[in-house]
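Visitor: Those protein sequences? They're chains G and L, same order as listed. By the numbering used here, the letter at position 287 of the first sequence is numbered 287, and the numbering carries on one by one without gaps. Quick note: to get the numbering used here, add 1000 to the position in the second sequence (first position is 1).
Incorrect hints may have been included.
[Said to hold, decoys possible] Heads up, simulated SDA-like pairs for lysine to any residue below, C-alpha to C-alpha not over 20 Å straight-line:
| hint | chain 1 | residue 1 | chain 2 | residue 2 |
| --- | --- | --- | --- | --- |
| 1 | L | K1025 | G | L82 |
| 2 | L | K1025 | G | E68 |
| 3 | G | K63 | L | G1028 |
| 4 | L | K1025 | G | R77 |
| 5 | G | K188 | G | V342 |
| 6 | G | K110 | G | L16 |
| 7 | L | K1030 | G | D69 |
| 8 | G | K110 | L | Y1003 |
| 9 | G | K110 | G | W7 |
| 10 | L | K1049 | G | R73 |
| 11 | G | K188 | G | L123 |
| 12 | G | K327 | L | A1113 |
[Said to hold, decoys possible] Facing chain L, according to a computed beta carbon distance under 7 Å, are these residues of chain G, among others:
| hint | residue |
| --- | --- |
| 13 | L84 |
| 14 | K146 |
| 15 | T167 |
The set of hints was computed from the structure by calculation and includes no laboratory data. For each residue, glycine too, the CB sits at the ideal point set by N, CA and C.
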Amino acid sequence: MEGVVAWLVITLIKILVILGIVLGIGAYLTLVERKVAAHIQRRPGPMVVGWHGLLQPLADGLKLLTKEDLFPRYGNRFLYNLALVMALVPATLVFAVVPFGPEFEVFGIKVKPILTDVNIGLLLVFALGSMAVFAIALAGWASNSKYALIGSMRKAGIVVSYEVVITFAVMGPIILAGTLSTYDIVQKQIEQKLWYLWLQPIAFVVYMFAMLAETGRVPFDIQEAEAELVTGFTVEYGGMKFGLFPLVEWYIEVLSLSAIAVVLFLGGWSPINIPFLGFVDPLFFLGPLSPFVWFILKVSLLFLFVLWLHWTLPRYRIDQVTETAWKVMLPLTLVNLVLTAVVAPLIWR
Amino acid sequence: MGYLALLIFFGIMLSIALVFVFVNKLLGPKSSEAMQDYPYECGVPLYDKSAQSTFHQGYYLLGLLLLLFDIEAAFLFPWTVVYRYLGVFGFIEMFLFILILTYGLLYAWRKGALDWQFEEESL
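Please model the entire structure based on the sequences and the hints provided.
Guide: So, in structure tokens, the structure goes:
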């Protein structure tokens, strides 16, 4: 009985932490993005609300909450709202299988900093990831507006193309680790003293491309194309509903996919890796906190890299985006898969 | 136990999402502009009230391709997990599978299914 209560309390604490990450940090990343974008363009960015605009996300949230609830008159109300739910829920559920650090002990209870260490973790990630297509297609269809429909069709086409690419890209690391559990994949990398990035550079690059495409980041943001489609499928949404779609797409999904990239290719919470020799930890003075700091550091570096690309590159046309997926990325991942299968026995030992 | 935690998380997220759906109805003002819920377009009255008509068939082809290759990916996932216990047999078997898969891809490529379907302008 006591075990069940302890488990329930720990689970609820973990869920609260994840909610804090998703809704708290996710909201504050809007400020990070605006600041980074501003400095890339040599302007200060938001400066008025709070010190250097620190309270800006709160002001934005308050504004979105007090807007009128509008609904396009020829749309379908049920599907219109369902699209919102289907966008938010699967995107956040992905965080259930993100391992933030190694197992530790509090008050004699062993705690894994991962909500559920299920043995199909990665499969779950990609199953939930493909739910995003439904949200997008529904949002455009239910709005019954031409801009929204064009935007959602483009986005669905891109996500569908890169969904295939990303599943084939992650198979390389899975072969090397021999498991689908995200926690065990990191453990395997530490045991084998090898970040899979060193053996899977192709898979990593392809994964990054697919991540940009699935989250609608530049250079694959043709579906929102502000100048022609006025943000695509969200055009008929207002208030907090309008706020949620970019939050889910641009921040929650980028964060979760970066975290999965760190788990698969960059050794999760392990410090800097020298292939086959071991790990060098310049942050050793942090003691037991060091793995968590490493994980957060790697995820934020990937996130900043995505931001950097977003505010530097131009965008591609839809035909270029989808043709690249099928003609370049997919053959590359197939070659990578066979090569990994050949090399893998050398790594297992 | 693992899946129960996932279920609890799902329930909590679902209620949060529902709150987000209805929060503007509760907190927002209500005005009665006649045209405020008119679909967003160029500012002139809509020629066609519904946008849900035909759309570009290129997207349909992409959907078909996804079906083909995602199912094959689903076949490959179990293999990647147990590959280390299968040995040479597993390698050859899956190499043939990937070869056939690649042949399918090349076939689709040759047929032009991977090209974006532009409308014929010469007609």
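Visitor: Against each hint, give a clear statement of whether it holds in the structure.
Guide: Quick rundown of the hints versus the structure:
1. As the CA atoms of K1025/L and L82/G are separated by approximately 16 Å, the hinted pair is consistent with the 20 Å bound.
2. Among the hinted pairs, K1025/L with E68/G is consistent with the structure: their alpha-carbon atoms are about 7 Å apart, no more than 20 Å.
3. Taken as a hint, the K63/G and G1028/L pair is honoured in the structure, with Cα atoms around 10 Å apart against an allowance of 20 Å.
4. In summary, the hint linking K1025/L to R77/G is supported, as the alpha carbons are separated by about 13 Å, within the 20 Å threshold.
5. Our distance criterion of 20 Å between C-alpha atoms is met by K188/G and V342/G, whose separation comes to about 19 Å.
6. Straight-line distance between C-alpha atoms of K110/G and L16/G comes to about 18 Å, which keeps the hinted pair within the 20 Å bound.
7. Of the supplied pair hints, the one linking K1030/L and D69/G holds, its CA atoms being roughly 8 Å apart against a limit of 20 Å.
8. Among the hinted pairs, K110/G with Y1003/L is consistent with the structure: their alpha-carbon atoms are about 19 Å apart, no more than 20 Å.
9. Between K110/G and W7/G the alpha-carbon distance is near 10 Å, which keeps this suggested pair within the 20 Å criterion.
10. At roughly 10 Å between alpha-carbon atoms, K1049/L and R73/G fall within 20 Å of each other, so this suggested pair holds.
11. Distance hint between K188/G and L123/G is fulfilled; the C-alpha atoms sit about 18 Å from each other, no more than 20 Å.
12. Using a Cα cut-off of 20 Å, the hinted pair K327/G and A1113/L holds, with the two alpha carbons roughly 11 Å apart.
13. Interface hint status for L84/G: upheld, as the beta-carbon distance to the closest one in chain L is roughly 6 Å, under 7 Å.
14. Given hint, K146/G at the interface with chain L, holds; its Cβ is 4 Å from that chain's nearest Cβ, closer than 7 Å.
15. For the restraint placing T167/G at the interface with chain L, the shortest Cβ-Cβ distance is roughly 4 Å, inside the 7 Å limit, so the hint holds.
Taken one by one, the earlier hints all hold for this structure without exception.
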